[in-house]
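Chemist: Chains as they are written, first to last, in the numbering used here: chain A, 20 to 247; chain B, 20 to 247; chain C, 20 to 247; chain D, 20 to 247.
FYI, nobody ran anything at the bench for these hints, they're computed from the structure. Do not rely on the hints blindly, as some may be mistaken.
Unchecked claim - Residues from chain A shown here face chain B by an in silico Cβ test under 7 Å; the list is partial:
id : residue
1  : P35
2  : W38
3  : L69
4  : L71
5  : A84
6  : M94
7  : G95
8  : A101
9  : A105
Every residue gets a Cβ at the ideal spot worked out from N, C-alpha and C, and that includes glycine.
Protein chains: 4
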Amino acid sequence: MSLPYPHFQVNYKLYPGTWGSDGLALAKTIERIGKQTGGNFVLTPQVPDLRLIASETDLPVFAPAVDSVSPGRGMGKRLPEALADAGAVGAVINHAENRDTLADIETKIERCRAAGLDAIVCVDSVEMGRAVAAFEPDQLLFERPGDISTDRAITRTHPEQIERFIAMRDDTAPETKVRVGGGISSAPDVRQAFELGVDATGAASAIVTAEDPERLLGEIGEVVASAE
Amino acid sequence: MSLPYPHFQVNYKLYPGTWGSDGLALAKTIERIGKQTGGNFVLTPQVPDLRLIASETDLPVFAPAVDSVSPGRGMGKRLPEALADAGAVGAVINHAENRDTLADIETKIERCRAAGLDAIVCVDSVEMGRAVAAFEPDQLLFERPGDISTDRAITRTHPEQIERFIAMRDDTAPETKVRVGGGISSAPDVRQAFELGVDATGAASAIVTAEDPERLLGEIGEVVASAE
Amino acid sequence: MSLPYPHFQVNYKLYPGTWGSDGLALAKTIERIGKQTGGNFVLTPQVPDLRLIASETDLPVFAPAVDSVSPGRGMGKRLPEALADAGAVGAVINHAENRDTLADIETKIERCRAAGLDAIVCVDSVEMGRAVAAFEPDQLLFERPGDISTDRAITRTHPEQIERFIAMRDDTAPETKVRVGGGISSAPDVRQAFELGVDATGAASAIVTAEDPERLLGEIGEVVASAE
Amino acid sequence: MSLPYPHFQVNYKLYPGTWGSDGLALAKTIERIGKQTGGNFVLTPQVPDLRLIASETDLPVFAPAVDSVSPGRGMGKRLPEALADAGAVGAVINHAENRDTLADIETKIERCRAAGLDAIVCVDSVEMGRAVAAFEPDQLLFERPGDISTDRAITRTHPEQIERFIAMRDDTAPETKVRVGGGISSAPDVRQAFELGVDATGAASAIVTAEDPERLLGEIGEVVASAE
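Here chain A stands alone, though its shape is the one from the complex (with noise of 0.2 Å):
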């Protein structure tokens, strides 16, 4: 396991100003301010900016997608093994946006430890993640589709599944962290997500669509702090 816990990751997806020299921009301010608060920030840019984000910052990245191939032909498949060596610690599997079989989720998670990956998987509901448990992936994001991009944090709606989803990973696969996003926009939420007992927390939009990002950041850099 490579990335830090507890921790608040932004994701910076396709969003405008979050590639090349711009979001490299975002990524020293999350880093200053995770300095600044004490609180673990890590970043998950467009795969073309992994080893620049990497090499200019001390923020843990990790790929947003990975595909289950091993070295030889693939092409333009994302190998583990280049995703590592641009300096990602980790990679994004069966994202909503992006959905993967059965039989990938499987191979996905054996390749990227092979690679030095931590294998990130998500899931939309309790049962998925029991179902994605047997694997035991470093980290399981529950995350409700229907959250993603909007301001219904399922901490607020749905603070009950977040126990469920806690209690089976404590029943079938402890050693497994388990992060919870979707509609995550404020540091109470932030709050509340640690509070129900999560790993991290993380999201997107609120992040890079908010209108004074550095202030939302260092809101939500203390309550990761007071989280440790």
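Chains B, C and D: place on chain A using the hints.
Modeler: The following block gives chains B, C and D in isolation, referenced to the frame of chain A:
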């Protein structure tokens, strides 16, 4: 159109020894041989290495894949604008190891154009080439999937198909460049390709698994230079 | 070519009331109206109902999908020969709700031809139509995805696109028939489509969710008969 | 649960001689041998033939594939309700030749349940079986892809994997039935499978390409009958 013609494309795919610092070292060798021989080389590394090679060499690089997405959501997708920012001058669409829907081919060509990337579309046959020519991509790569990773160069086995392909291009999309691939393994193959009228050719396994890549690239560079 | 022209196609999709005995009853109504009005109707039921409707009515039926497979392995795939044996006279390729790769479009057209099925390929635009026309399918269905399940018939909103589409067909694949769809909801829409020069038109939701399908089909049947 | 246990499943896939009237004739042979021997046989024909075989024989039939759709739009999709109406008592999910995303596996199981179909989910390994067991499907089919269409029955090559699989089922989803497949080619293979504790077994190529299918089915029927 950003790529120089005529050229020989080296395709790294996921072959061992082609990513990270190894891939950069090979790219520098290719760059040096290009300057020594006067032949144009272009390179297709993995996506995490685009920026590294584009910033450390003068080789034109292009992305091995691209997604039909625009800025915003789209976790894990390859955004044309982010590829261009990393230094890519083009992107490959519909590779035999990564097939696209017809709808996506059309959208990807449009998105590449908007982001300033050359759109390079792979096809299997003269008929499929004619289909894609309707969208007037920057380059058509004519490659028969069964020839990939073999030494059965289409230039030797089916030269008449290359001639038909070029006649089709002249007829339907005269501005589109034609590259031929699949089994091209030696300087004589490259010479024959140019004699048949192609604008470019290239190889993956023949180069990156060659016993003496430097000598092979040198011989090819001479042929490319003489085709200019 | 097995389908009669001109015709109006009724597309069942998965709408309630269109499978099993309900679907057969509606098919018999369509058959009767066709005979009464003299207008040709053709029907696209679900695959499990092809044989039922083909054997119990005289309507030409075609399959809503087909796979690019040959006899042998291929669990769950739709084999052209098995569809033909069940009574289908054609099959739909590249529907907007079921996109195909360009390579599969080519293979599916060939496999349909070998099995004696009309190949009906859906496209979104004149440019995509031109691309597929390179393979000379039996029928091109021109349907803009955004119009599907609406009442914004392209015949009313963009008649010039239909004219350009037909000119493209005349120019590149004169043997291929043109059907237009997407938002066709009334007899006047059908009349306008034929006046613009199409060989066929059709609808799904407008028919199967109509308040009085029998009256609507009767009006359409009259228009089709007068277009013959 | 609709399927009888223990049983031997005959899987037609797309093999020559298994669709239309040929497939019906073979189904009648299977039905007759089942009655003669007292062993349960179940059959997986192609989708266009489900109704034909369900109505002309007493064999339980199930669909080789199903889609995660509900009534409405969804051109070409296999609607659980329409499969059930045609006579299917179950449907196959996640076959090695037709992989499903984890999200679709969950939805397909729910949709099958709602339509009254047994959900039969294919898995490659004990670990993948444990993952799917979280959804409590009616049947888990344990089949290693590399064994398909060979005569290397897992019952002979890896009996301990079957035992581990059954122990996993007993532990996590005791109501779920276990079928084993992949390389099962003879009555001794079937006997060994039942001795290892499976609820069902089956074959595709071994039956439909057998020199004397009737004799082979007769021997298998005796074994199934004795396992009841």
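Chemist: Run every hint past the structure and note whether it holds.
Modeler: Do the hints match the structure? See the list:
At about 5 Å, the closest approach between the beta carbon of P35/A and any beta carbon in chain B falls short of 7 Å, and the interface hint on this residue holds. Annotation: interface hint on W38/A holds; nearest CB of chain B at approximately 4 Å, less than 7 Å. Below 7 Å, beta-carbon pairs count as interface contacts, and L69/A has one with chain B at about 5 Å; its hint therefore holds. Annotation: L71/A was flagged as interfacial toward chain B, and the flag holds, the nearest CB pair being 6 Å apart, inside 7 Å.
Using the Cβ-Cβ criterion of 7 Å, the hint placing A84/A at the interface with chain B is satisfied: the shortest such distance is roughly 3 Å. Below 7 Å, beta-carbon pairs count as interface contacts, and M94/A has one with chain B at about 4 Å; its hint therefore holds. For G95/A, the suggested interface contact is upheld, since its CB lies about 3 Å from the closest CB of chain B, less than 7 Å. At about 4 Å, the closest approach between the beta carbon of A101/A and any beta carbon in chain B falls short of 7 Å, and the interface hint on this residue holds.
Annotation: A105/A was flagged as interfacial toward chain B, and the flag holds, the nearest CB pair being 4 Å apart, inside 7 Å.
The earlier numbered hints are all upheld by this structure, with none contradicted.
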